[in-house]
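Those protein sequence lines, which keep their order, are chains A and B. 3 is the number of the first residue of the first sequence in my numbering; add one for each residue after it. 3 is the number of the first residue of the second sequence in my numbering; add one for each residue after it.
One or more hints might be untrue.
Intra- or inter-copy, both count: the list cannot distinguish identical chains.
Unchecked claim - List time: in silico DSBU-like cross-link candidates among lysine-lysine, alpha-carbon distance up to 35 Å:
1. Lys299 - Lys216
2. Lys116 - Lys216
3. Lys299 - Lys173
4. Lys173 - Lys116
Simulated from the structure, these hints should not be mistaken for lab results.
2 protein chains.
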Amino acid sequence: VRPLAVTLGDPAGIGPEIAAKAWGALRTTGPHFFVTAPLAPIAQALSLAGLPPPAAIAAASEAAQCFPNALPVLAPSGAPQESAEMVVDSIKTAVRLAQEGAAAGVVTNPIHKKSLYDAGFEFPGHTEFLGHLTGMRRPPVMLLAIEGLRVVPVTVHLSVAAAVQALTQDKIVDTGRTTARELSRLFGIARPRLAIAALNPHAGEDGALGTEEKTMIGPAVERLRAEGVDVFGPAPVDTLFHVRARAGYDAALCMLHDHALLPLKTLDFDRGVNVTLGLPIVRTSPDHGTAFDIAGKGIARPDSLIAAIQLAAQLARAAA
Amino acid sequence: VRPLAVTLGDPAGIGPEIAAKAWGALRTTGPHFFVTAPLAPIAQALSLAGLPPPAAIAAASEAAQCFPNALPVLAPSGAPQESAEMVVDSIKTAVRLAQEGAAAGVVTNPIHKKSLYDAGFEFPGHTEFLGHLTGMRRPPVMLLAIEGLRVVPVTVHLSVAAAVQALTQDKIVDTGRTTARELSRLFGIARPRLAIAALNPHAGEDGALGTEEKTMIGPAVERLRAEGVDVFGPAPVDTLFHVRARAGYDAALCMLHDHALLPLKTLDFDRGVNVTLGLPIVRTSPDHGTAFDIAGKGIARPDSLIAAIQLAAQLARAAA
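Next up, chain A with everything else stripped away, as it sits in the complex (with noise of 0.2 Å):
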C-alpha cells in the first residue's frame, strides 16, 4: 500500500503539531503517511509532543518501514529559507509525488493565505492551486464531510450578497454533475443520491420569499435529473440535516457557505475533514484553519487531521 503524502502547511500554524500527534495515534495501525516539509519543524513538534524523532527519507517508498517506529519526513530539495517559499515547495513535492503514483494521495495542513499573498502566491486557496498544479481546466468541487454527513458549497468563500450574485443555474448543475460522479469514483457509490438545498426560507415559498428557487435552482434540479442524476430539491435548507432526513441522500448541495459548513459544524465540530473532488489526485485537509493563537501551546486536537488522512486512504482504495 503507497503512503500519503502530508503537507507542512503554515510553520507558524498547528500544522506541524497536529502532524506529530497524528503520527503518535496512527503509528502502529496506519494509514502510513509522510510529510513533505524540511526535517527541523517536524523534530521540533515531535519533541514538543514527547513523541521520538522524525526519519528523513529519501523516496516514498521508503515511508512503510519505518512509519512504526518514526515519522517519515521527505524534505523537498532545495532549501528554502522564507516560510512561505517552504509552505509553497511542500505542497508542489506532495502533489508531484501523487500525480508519479509514489504517494497515494495528498493531505495538506492549513495554509495562511494572506502569508502567502505577501510572499507573491496568486491563488484564491489551496484548492485552485491544487487545481492549477495538476492542470485542471474545470475549478474544483469542495466537499466536506464527517461520519454520516457529505456537505457541498455551490458557492464558498463570499460574502452572503456576493454568493447570492455569484450563483448560477450553470454552476449548480456543474457542482452537482462533479458531485455525482466523484461520489461513484472516490466514495465507490453505485447510484449517488443528491439532496439539492434551496436558498431561501422555506424554499422560497412558492416565490413569496424569493425567486432563486423558480429560476435557478428548480431548473438545475431537472437538467441534473435529465443527465441521470438521481437528485431531489430545491428543499427548505431547515429540514435536511435531522437524522431523518440525512438518511435519505448521499451528498446535499447548499447554495451557501454555512448553510453547508453550519450542519456538519453543528455535528461533529472536530472531525470534519475537507476533500477536493474533481482533481486527477486525492486530496483531503482537515476543515480547520492555522489556529495561530493556540500553535506551539501543545492542546491543538489532530481529530480533523487524522480524520482527513483515514479518509485519504479510503479514497484512495477506492479509485485505485
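Following the hints, complete the assembly by docking chain B onto the known chain A.
Coordinates of chain B only, in the frame set by chain A:
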C-alpha cells in the same frame, strides 16, 4: 393554576389532530389547557385519534376540573361558517382570555396565511397579529427553542437578498435588547448571555468576505455591551452550535432565518417551539406549519405542540 388557551389553527391542517393527541398525552400530568374552537372539528379529531369526546366549557375556569376526563373546548361567541373567520375568532378569543388573566397564556396552532389573506386578514403572520391584538407598538421578536438551545433570527420571512438589505444596526440592537429582557422576565435567567452570529462566512474574515461585521454587527455588539448586556460576537455562525459552544450562551441571535432554524432543526427536528418575545402575554407555538399533505391521516406528530404547551406553562410561572 390557570389553564392555557390553545387555538384551533387552520381546521384543514393538522391542528385539531395534534391538539387531540396532545391532550391524550398530557391529560393525567398537565399542563391543563383548553381549545378555543367550535366543538365539531375537535370532536372529530378526538374520535379519529380514538379518544373520548370533548367537553364544552363556558369559562376558562371550568377547564381544570374536566381536563383529566375530556378535552375542554371553549367556543368563541357567534357561529362563524367560514373557516378563515373561525381561525381568526379562535386567536382573538384566546388572546382576550390571556389578557383578562383567565388563561395563563396562548399556544397557537398553525395557520395558512394565504387562506386568511383571501378572507381579508392583513398581517404578515401570527406574530404581527398578536402584536396588533395586544396593542404593542414595537414588532415582537421570534425566539425558537429546543432543549439546550435558543435561537433568535434577526430577519425572518424575507429572501436572503432582501434580508441582507433589511439588516440594520438598530434592528440588531433592538432584537438583542428585547431578547435579553425577555430571557430574564420569561425564562428566569438573571443575567442572560447572548451570542451574536456573523452574517458572512468566517465572520467576514476581517472584511475580505463582507463588511457587515465591521459596519453593523460589531458596532451593535458594542452598543448592547454598553447597555450592560452580557454579549459576544460577531462569531462565525458555523462555530456556534456544537455541544461545547452551546454551553456558552443563553440565546444566539442569527442574521438570517436559516442560520437560526438550521441548527435547531438539525439537532431536534420534532420538538422546536416558537416563543414570541415582547408581548404582554405568554405565547408559544409549534415550529411547523399546517402540514395539509398529512392532515386527516392520523400520522401527525404532536411532539412540537406538546413541547409548546409545556414551555408556555413554564414561562407563565416565571412571568407570574
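Consistency of the hints with the structure:
1. Lys299 - Lys216: For Lys299 and Lys216, the Cα distance is within 35 Å only across copies (30 Å; inside one copy 51 Å).
2. Lys116 - Lys216: between (39 Å within a copy, 19 Å between copies)
3. Lys299 - Lys173: neither (42 Å within a copy, 40 Å between copies)
4. Lys173 - Lys116: both (27 Å within a copy, 33 Å between copies)
The structure fails to meet hint 3 from the earlier list, while all remaining hints are met.
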